[in-house]
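S.K.: With the hints as constraints, model all of the structure from the sequences given.
In terms of the working numbering, the sequence shown opens at residue 1 and continues consecutively.
Hints were generated in silico from the structure; no laboratory data involved.
All the pointers check out, no bait thrown in.
Label-pair ranges, simulated between beta-carbon atoms:
no., residue 1, residue 2, range
1, Phe69, Val319, 56 to 62 angstroms
2, Thr5, Asp178, 26 to 32 angstroms
3, Ile285, Pro6, 47 to 53 angstroms
Below, simulated EDC-like cross-link-like pairs (lysine to aspartate or glutamate); rule was C-alpha separation at most 20 angstroms, straight line:
no., residue 1, residue 2
4, Lys303, Glu157
5, Lys140, Asp79
6, Lys17, Asp111
7, Lys66, Glu241
8, Lys66, Glu36
Backbone N, C-alpha and C fix where the C-beta goes; we use that ideal spot for every residue, glycine too.
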Amino acid sequence: MSWLTPDVIDILLAIGKAIVILLVVVACGAFMSFAERRLLGLFQNRYGPNRVGWGGSLQLVADMIKMFFKEDWVPPFTDRFIFTLAPVIAFVSLLLAFAIVPVSPTWMVTDLNIGLLFFLMMAGLAVYAVLFAGWSSNNKYSLLGAMRASAQTLSYEVFLGLSLMGVVAQAGSFNMNDIVNSQTHLWNIIPQFFGFVTFCIAGVAVCHRHPFDQPEAEQELADGYHIEYAGMKFGLFFVGEYVAITTVSALIVTLFFGGWHGPFLPPFIWFALKTAFFMMMFILIRAALPRPRYDQVLSFGWKVCLPLTLLNLLATAAVILYTAQ
Numbered sequence: 001m002s003w004l005t006p007d008v009i010d011i012l013l014a015i016g017k018a019i020v021i022l023l024v025v026v027a028c029g030a031f032m033s034f035a036e037r038r039l040l041g042l043f044q045n046r047y048g049p050n051r052v053g054w055g056g057s058l059q060l061v062a063d064m065i066k067m068f069f070k071e072d073w074v075p076p077f078t079d080r081f082i083f084t085l086a087p088v089i090a091f092v093s094l095l096l097a098f099a100i101v102p103v104s105p106t107w108m109v110t111d112l113n114i115g116l117l118f119f120l121m122m123a124g125l126a127v128y129a130v131l132f133a134g135w136s137s138n139n140k141y142s143l144l145g146a147m148r149a150s151a152q153t154l155s156y157e158v159f160l161g162l163s164l165m166g167v168v169a170q171a172g173s174f175n176m177n178d179i180v181n182s183q184t185h186l187w188n189i190i191p192q193f194f195g196f197v198t199f200c201i202a203g204v205a206v207c208h209r210h211p212f213d214q215p216e217a218e219q220e221l222a223d224g225y226h227i228e229y230a231g232m233k234f235g236l237f238f239v240g241e242y243v244a245i246t247t248v249s250a251l252i253v254t255l256f257f258g259g260w261h262g263p264f265l266p267p268f269i270w271f272a273l274k275t276a277f278f279m280m281m282f283i284l285i286r287a288a289l290p291r292p293r294y295d296q297v298l299s300f301g302w303k304v305c306l307p308l309t310l311l312n313l314l315a316t317a318a319v320i321l322y323t324a325q
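M.R.: See the structure below:
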């Protein structure tokens, strides 16, 4: 086996790491769908899923089997190619965004010097999935939901990127490893608290999660832009939403809570515990907050969050210039 040189072994190990990390992200997203229903049942004083397996432990397996064997029906009035492409983009875009997240000092899919810019690019790509789904379905409710989603996402992505510029300015790099290493002595949650708040708000909006789930409002739009989807195409949208939550939670941990840093436990354990905490916060937000009107969502983004983000960036720049003197 002369071809099995050290360079080839390094490449194979890197590919193996990437596959393992991305499969774990998908598994976490799938498990969160079960955890959300159980926790919502607890919060709302009801049982939740408890029929399949002991205490409902096999509900996730039952859901996967049901989704896989459902008829994958495509309405005859759709644009078939774009209709099929939309859920793939929705699933893949934010899954690939996880590639820049360092799980431990040695475990990450890729170490990009423009890591944060790659995340913003993938988050922007997810808008196309929503637009494609709404337009290709040839359904007025789907199109209205897609227009809502694209306007909301573009509005919140403006300060999604700006909220991270304070972190970038303090670390002096877009590289995620450099940002984590800059938090060895002090997590960014303290000097960048307002950046953390606005990034969390924008992250919930980008994931189209409650209370920013107006694109899928059942009372108004009959489930929004994926109303015409069934089978595994709908499954990709469904799992993609939870993969997006996992990715955003991991980014919050990496950017503001020291990443893998922590005492006593191995680095990846600290990273997993912190990420799981913020994933549970997404569920708590869904249970605790009402859904505002669509105009209130956009007004809140432009009139409250964007000015707060700009003030945070201005204050960060002033502190950096003052301490550099």
